[in-house]
Each structure stands twice: as C-alpha cells, then as structure tokens.
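**Student:** Read top to bottom, the protein sequences are chains G and C. Quick note: the first sequence, position 258, residue 258 per my numbering, numbers continuous. Quick note: the second sequence, position 277, residue 277 per my numbering, numbers continuous.
Hints should not be assumed to be uniformly reliable.
[What the hints assert, rightly or not] Result set (DMTMM-like, lysine to aspartate or glutamate): computed pairs, CA atoms no more than 20 Å apart in a straight line:
(1) K108(G) with D262(C)
(2) K136(G) with D203(C)
(3) K18(G) with D203(C)
(4) K108(G) with E167(G)
(5) K59(C) with D264(C)
(6) K59(C) with D262(C)
(7) K113(C) with D190(C)
(8) K172(G) with D27(C)
(9) K136(G) with D264(C)
(10) K136(G) with D262(C)
(11) K108(G) with D27(C)
(12) K59(C) with E257(C)
(13) K18(G) with E194(C)
(14) K59(C) with D74(C)
[To be verified] Simulated DEER-style distance windows between Cβ atoms:
(15) F27(G) with I285(C): 28 to 34 Å
(16) V42(C) with L83(G): 18 to 24 Å
(17) P171(G) with Y46(C): 31 to 37 Å
(18) T184(G) with L21(C): 16 to 22 Å
(19) T192(C) with F238(G): 24 to 30 Å
[Claimed, not checked] To spell it out: a stretch of chain C is covered by chain G in this simulated footprint if at least three of its residues, at any positions, have a beta carbon under 8 Å from a beta carbon of chain G; those stretches are:
(20) 50-58
(21) 233-243
(22) 258-266
Think of the hints as simulated: they come from the structure by calculation, not from any bench. All residues carry an ideal CB built from backbone N, CA and C; glycine is no exception.
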Amino acid sequence: MTVSDVRSASSAKLSLGKWLTWGVVAFFLLNVFALVISVVVNSFSRQWFGTWWPAGLTTSWYATAWHEMNLLDVLLVTLQVSLAVVVLSVVLGVPAAYALARRSFVGKPLVNVLFLLPILMPPMTYGIPLATVLYKFGLAGSMTGVVLANLVPSVPFVILTMTPFIEQIDPKIEAAARMCGARTSAVFGRVLAPLLVPGILAASILVLVRTVGMFELTFLTAGPTSQTLVVSLYEAMFSAGIRAQQSVDAMAVIYTGSMAVLLVIALRFVNPTQLVTRLKEPVT
Amino acid sequence: MTATVEKPATPQDRPSLRHRLAERGLDRTIILLLPALLFVLVLFVYPVLYGLQLSFQPKEGGSPFGNYTRFFSDSYLFDTIWITLRLAIPAALINVLASIPIAYRMRGRVRGKRFLTTLFVLPITLGTVLTAEGLLRYLDPTGWFNKVLGLFGVESLRLIHNYTGVLLSLVISGFPFAFLLTLSYLSGIDPTLEQAAATLGADWRRRFRYITLPLLAPGLAITFCLTFVLAFSVFPSAYLVGLPQGETRVMSIAAYEAAFRDFDYPLGSAIAMIMAVVMLVVIGIVLLWRSTLYRGATGGKG
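Next comes chain C alone, as it looks inside the complex (with noise of 0.2 Å):
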C-alpha cells in the first residue's frame, strides 16, 4: 500500500486517465455536449468578447474608454437607462402582480381551464409588431376605444405616440408569458400542502399567505426576470408606438442607431455592453433576494 504511494506511478499502477476522468464525470457521453457548446463558444461568446473589444476602440480615435465616457456624458444618451428602465420595471411589475391571482384562480382542475389558457396564449401570436399596429388602429382618437368612451362622455384620450402606448404594449405581449410562468409554477406545488393547512383550520387567505406565496415566491422572482428582460429589451414597439426620439427613446434605440444607422460600430457596442450590464444589475438584486427564499422539494422552486 504505502509502496504504490511512495513511488510515482506508472500507468500500470495508476488508473487510466480514461477511468480518473470518469470519476469526475468526464466519459464518452460528455462529447456529446461538445458540439452546443462550441457552437454557444463561437456564436455567442465570441461576438460578445469581440463587441466588447470593439467598444474600447472608439471610431475617432483616442482613449479606449471614449464611447463610455461619452455616454455618461451626453445626456440624449445616458437618459436612456432610465427611459429604459422606466418601462421596464413597472411592465414587468404589472405584468407578474396581474396574473398571481389569476393563475391562483385556475390551478388544480377548473372547467375550461384549456380553453382559457388558449385565450391567454392566443396574444403571443401577436408578437410585438402586430400589437403595435393594433394599437395604433385601436386606440387612435377616433379608433374604437375613444369612441367607446365617448359615448360615456368621456374626452378621448392620448395612448400612443408616447409612454403609456409603449407600456400597454408590453404588457398585451408580456403578460400572457408571465400567466403562463406563474401558473406552472403553481401547477407544481403539491396541493396535499394546502389540503393540509385546510384540514388545519386555515382559511384560504392564510393558506396563500403561509403555505402558497412563500413556495411560489422563488418562482415569481424568475418570472419577474423573464417578463423584465422582454420588457428591457423593447425595440420594434417603442419605435412605433412610441416617442423614438423623445420619452421612449430606449437603450435599444440608441444602440441600433449607432451601430446601424450612422455606423459607428464601436459607439452600438459599447451601448449594448451598458445595456446588458444594467440588466444584469437589476437581474442580480432579484435573484440575490430570491437566494434567501426557501427551495423546497414540493415544487415551485424553478
């Protein structure tokens, strides 16, 4: 025994590298990740690395962080986090408040509960252009929806062409995807729990408080994450039914004019960077917060 220590093994003694490598994990299946992962190394990483390099090397020269320092400088640009995150955060906030109690109502068996799922989902086939181009029909000054409240006599009232227009359209896209979530989610906590907490005596709203909000609450903060980042990302919607160059002049906006409207390559990349390193911020305090929840087995957790 303490020979085989002493002395530096030789491959007879040692086990292959093959065998050491399969203690950890790393077997023949392995290669077949080998292929997703070149093709996420090269598409994904690459092009993110390489923008990123790009962002140092400002197009009229000078020093590498130029294009940053311009950005936190100009106002017409740095104004546009909070722009951004203006619409961001409270559609993302609406979208996942909205569809608690109503995935609450609909966990378990309910009657028609396919058919209204169908409802819920139909508005994702909308997709961000068709809801602009409905809105733009629909809630126009003499589009149905001012109409109708004309009869009740009501003044007709601006939605588009500015703030409320683009967050009412991230919402019809958003919510739906965010209904969707928090029901799963719920679908997968084991109702026994609840059954037992009736049988204990606790009325529904206790139920909720005790029992289904604390297991729901990991998965609510990851929906939170996925409508925020459909929302943060908003493009076609805050150019159409938007202010583009005014109130809902987003990140995205000002990425995609740099890069591809006055072509300076560096100046989109460095404001893409921004933008993804804001997001993440906000993504981080959620998911830390979401790390001191409970994730139990019964379900819920994501």
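Chain G extracted, bound-state conformation (with noise of 0.2 Å):
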C-alpha cells in the first residue's frame, strides 16, 4: 500500500464521517427553524388546529399584544434595567479587572474564586436568598432590586471577561506613557482607555444580551411594574388560558425579535469564537 493509497482511504472515511457531522448539524438546525416558524405562523393565523397551516393570516394579535399586556412599558422597563445593569457592570468590573490583570497580591486566587462563584453557581441558588434579602429590605419589586439582582452575575462576568483582554496589553506602553511625562489621568485616559474600548464594547454586549434573557434573577426579584420582557412572557404563557395562544406567540416573537437583533449587532463586535483564547490562524 503506498503512501497515497493511504491518505485516499483515510479521506474517504472522513469524508462519511463528514457527511455524517453535517447531517447532524443540519437536521438540529432544520428542527429548531422550523420549532421558530411555527411560533411565528401562529402569531400571525386566524385560527389554526390540526392542520398543515392556518387557515388565514391576519396581523391583529400583534396588536392585541401589544396593548393586552402593556408592551411599550414593559420594553421601556426592559431597556432601562439592562442599560443599567450594562453601565454599572462596566464601571465596577473594569478597574477590578485592571487590578487582576496587573498585579498579583495575598489572597488573589480566593479573590479570583469569589468572582467565578457567581457566574458558576445557578441562579436559583443565590437567587432565592438574594430574593429574601431584597424583600427584606424593601429593594424587591422594584427597578432597583431588578437591577442589583442582575449586577450579582454581570458584574463578575465583566471582570472575567475583561481580565485576559488586559493582560494582553502590554504593561510597556504604560510605563513608556509614564516615561515620556504622562500622568495617571493621561496614561488612562489617552493610552490605556482607547486600547480598552474594543474589551468594554464586547463585554457590555455580551451583558446586554444576558440581561435582556435572564429569567430566573429577574423573575424572582420583580414586582408587576418591574418586569422584563422575558418575565412578561412567561407570566403570559403560565396563565395561558386566559389569553389567546396567539397573542401569546406575538409577544414571544417580539422578543425573539428584539434579542436576534442584539445578537446579530453583537456578533459584528465580538468573535465567538476567541472568548476564550485568541485565534491563531494557520499560516497558509
């Protein structure tokens, strides 16, 4: 067998094994559009049991959505909390992440711990306490107890997130600033802030986009003013009968609608692909 018969043997079974992958990947993809399209069908029929597709198409329950369950307000409630929680996130977890990244002191790695906690832990455990705690002191149901609710897994998620984006900025520019006559002020504010713009800018998306789809944090801390918009939902869905299933739908569409857009606003930012570590391309 020469050397070539090998590789086209080798080729052949990774190319079955290839097919395969891709089956696979296309059959959980077709499940999960057409899972999405039949909820976005829904919304818009007339009346739809048992058949193929509805028997007319009508775009009244978007309507009927939007003022059944007050959904300006509860979208005006849902873009307040997560610019809240983006901002607060940023300021508390950026200069935290400045200080891991460049310093390391007694008790670094329980401090390193005690950020991964949060972020590691389901929300439902710290949640139900968090929850207690908030009513106790009058802080739940409201914005404010939505907010700080949110900032517990945010927060440490930006000081995650950030902490490797600074290690790889090379502490040599500072001290070159710092050389050439720069103060604090003008090391932060004229080197280091414009090379973190890209790590705050991608670490305030990926909060956004937590936020706005964080259910168990908000749903437990929220009052019936301060509810998000995925709280509203599943409040809508649990009380179902109450509602018509297709007004219910419209509003799951509103807000698939709302996140995809994020999401896609998100990826032209931030590379999935190198949260972790960054990319080596393969030199070709």
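Each chain sits in its own coordinate frame; assemble them with the hints.
**Tutor:** What follows is the structure, encoded as structure tokens:
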C-alpha cells in the first residue's frame, strides 16, 4: 500500500464522517428553525387547529398583545434595566479587572474564586436567598431590586472577560507613557482607554444579551411594574388559558426578534470563537 | 547589619508600610478592586450566608436541622435530586459530545465559518421561554413534527409535557453554548502541532487522539461544567414543557415553590443550599479529574 493509497482511504472515511456530522447539524438546525417558524406562523394565524397551515393570516394579534400586556411599558423597563446593568457592571468590573490583570497579591486566588462563584452557581441557588434579602430591605419588587440582582452575575462576568483582555495589553506601553511624562490621568485617558474600548464594547454587549435573556433573577425579584420582557412572556404563557395562544406567540416573536437584533449587533463586534483564547489562524 | 536586626525597628529603619505592602503586590492599584469586591460581598456572599443561617431556623421551630431532615425524609422533596441529575447530566454530555466533531471540522479557516457560527448562536436568542413555547407548538400531536412523522406512517410521538420535552429544551438552549466554547478552545490550540504530527505521518485519527484531544480535554471539562450548571438550574422549561409535579419536578421548582408559593423561606433556602452542594459535588469531581490532565502553554487550557 503506497502513501497515496493510505491517504485516499482515510479521506474516504473522513468524508463519511463529514457527511454524518453535517447531517446531524442540518437536522438540528432544521428542527430549531421549524420550531421558531411554527411560533411565528401561529402568531399571524387567524385560526390554526391540526392542519398544515392556518386558516387565514392576520396581524391583529400583535396589536392585541401590545395593548393587553402593556408591551410598551415592558419594553421600556427592559431597556432601562439592561442599560443600567451594563453601565454599572462596566464601571465596577473594568477597574477590578485591571487590578487583577496587573497585580498579583496575597489572597488573589480567593478573590478569583469569589468572582467566579456568581457565574458558576445556578441563578436559582443564590437567587432565592438574594430575593429574600432584597425583600427584607424592601428593595425587591422595584426596578432597583431587579438591577441589583442582575448585577450579581454581570459584574463578575465583565471581570472574567476583561482580565485576559487587559493582560494582553503590554504594560510596557503604560511604562513608556509614564516615562514620557504622562500623569496617571493621561495614562488612563489617552493610552489605556483607547486600547480598552474594544474589550469594553464586547463585554457590554454580552452583558446586555445576558440581562435581556436573564429569566430567573428577574423573575424572583420583579414586581408587577418591573417585569422585563422575558418574565412577562413567561407570565403570559403560564396563564395561557386566559389569553389567546396567538397573542402569547406574538409576544414571543417580539422577544426573539429583539434578542436576534441584539445578537447580530453583538456578533459584529465580538467573534464568539475568540471568547476564551485568541485565535491563531494557521499560516497558509 | 546585625545591629538593625537586633534592635526592634523604628519607622526610619524599616521600609515604610506602604513599601512593605507594595512588595506583596498591595499598592494603590488594588483600590480599583475594592468596589467590585464590596459589591460581591454585599450582594452575593451576604445573601448566601443569610440564606444558610435562615435554613437552620425552620418555620415551625424545633431542631435547627429540621428543614434538612425534612428534605431527606420526604421522598417528594428528596427525589428531586435524582430527577435533576437525570436531566442535567445527559443534557450536558449530549451537548459536549456533539459539539466536539462539529467544532473539530470548523477549526481553522473554513468557508462560511462566520455564517455557520451565527446560525449556531441564534438559538441562544430563543432563551428558555421561547424554546418552551416553540416546543409546545412544534412537537404537539397536531404539530408539524408529528405531521411529518405521520407522512412516513410513524405513530405520533409524545414528546412534550414529559422528560423528553425538558431534555430537548436543554439541548436546544445548551448546545450552541457548548459548541461555541469548544470551538473557542479548539481554535486556541496551536495548529502547527497538528501539522508537525501530520508531517511525521500521523493520520487524522492519531492526530486527534494523541495531539488534539489531550490538549482539548481540560477545556472540555470546563465546557461540561458550564453546560451542566445551565441544565442543572433548569426552571422555566421544566414548568412549561415538563410535568412540574411529576417526572420533571426538579430541585429549582421545589425550592421556588417552598419559598414563594408556600412562603416558607427557610425551607426554600435549605433546598437552594442542598442544590448548591449537589452541583458543587458534580463539578468538583469533574475539576478533580481535570487537574490530572496536562495543561501546557499551547492553548486549549481554559
């Protein structure tokens, strides 16, 4: 058997495996998209009972959903909560990430674990005690409570994504700026900040997506006027008997649409494959 | 020299406190850490400790361990541990194992890579709640999936309001996440290592077995942990597509119902604490295994 025989035999096996892999991928994606489409179709349908296609199409369910569930208020709350969470988590997280990236000190492993736990723990486990505490201090049931609860995983998340980002900025650049006579404010404002902007942007978009999609913490701490979109969608589904299924689906479509827009924007700034390590493209 | 050692140092002889702290890495930069640290202490550590001590004060009084003995003696509560693990472990395994071959084919430069990663990320936008709504429509006995099966003469399958429904929702929401992480770890492995192995005559199977997999394994352990945590805390889908009082009564449902339906905060906190312990045990086992693996400087280390 020559070398080329071996190669062609293995590439034949490879292509079988390749087809199998892509087949599974296609099946998965096909079903996920069919699943989404069936919600979208139902949200536009006049009536749909057990047939392939609904009896007629209408957009009236969107108007119904918009009025019945005060979607404008809900969207405003969602927007306010997410923006507050993004800004506060960047303000708290980036300086901490800088300190962690640049210094090693006694107890640093402990601090790292402390920042890792809120991301690692399921929201339900610390969410229930957190909600209890927030209720005790009268903070739950308001927007403040929702923002505070959502910050718990977001601040560590910003720290976790920003620390490696800051580590790869060469500290010699800062040293050089200082040597050329820059004050601390100038080092931060004119040297570090421009270098940090891409990382901060990436981290904030990810926090935004996480907050809009965060169900458990918001669900546990929100009151009737501080529900975000995902929580009021859950409430609408949970009390499905009261409302027409189509208007619940219309709401679900609005939710997915806004999430998809956010994510497409996010993907323009963040390459998801570079979240953990920076990509080394093979030299070709 | 000896004189300074014998005599208890006066401030002039000793380096200043600030200098000594700076030698241990504690200088002014550390102040930047304090706001975030304080925040985590007040809103994460304090509530958890508060919940912990609350769990030792049963609502009805009695022994401080009342809530825990109640959990372990009441099979309706105790069984939630197995129900949760029976969902979370298979879901996490499916997500990690399925993402390896797909990510392996997409490492490096592949045509349409950005498009495909976008396709995979989109299911994340669905979130658990929409996934649940979609599953209810799509897998309904009169839904499209069963209609297509009907074309092939297959009896319609009961896929929602049971274990399968929740498992499917966990795969849909967890797989894209596991895939992106795995792809990220794989992309971090230096491709020249594999090229070197290929030059030495290793076929793709050996390259994968002896080069890629060992470098990837620590990253896979982390991916498993993260998807396991996501699946472990399943809540909305267990309610909506599962059987919340039966085979998908997971721990988070039991904890939520105790705390916010029956207003028994101590019992709710106790269940949340047990939940955390069970999760940490599983993750601890995985991380212990991970610590025996090679974690070199060539990436994929996580």
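**Student:** Now tell me, hint by hint, if it's right for this structure.
**Tutor:** Structure-based check of all given hints:
no., hint, result
1, K108(G) with D262(C), "violated, 41 Å"
2, K136(G) with D203(C), "violated, 63 Å"
3, K18(G) with D203(C), "holds, 16 Å"
4, K108(G) with E167(G), "holds, 15 Å"
5, K59(C) with D264(C), "holds, 7 Å"
6, K59(C) with D262(C), "holds, 11 Å"
7, K113(C) with D190(C), "holds, 19 Å"
8, K172(G) with D27(C), "holds, 18 Å"
9, K136(G) with D264(C), "holds, 14 Å"
10, K136(G) with D262(C), "holds, 17 Å"
11, K108(G) with D27(C), "holds, 14 Å"
12, K59(C) with E257(C), "holds, 15 Å"
13, K18(G) with E194(C), "holds, 19 Å"
14, K59(C) with D74(C), "holds, 16 Å"
15, F27(G) with I285(C): 28 to 34 Å, "holds, 32 Å"
16, V42(C) with L83(G): 18 to 24 Å, "holds, 22 Å"
17, P171(G) with Y46(C): 31 to 37 Å, "holds, 35 Å"
18, T184(G) with L21(C): 16 to 22 Å, "holds, 19 Å"
19, T192(C) with F238(G): 24 to 30 Å, "violated, 54 Å"
20, 50-58, "holds (count 4)"
21, 233-243, "holds (count 5)"
22, 258-266, "holds (count 3)"
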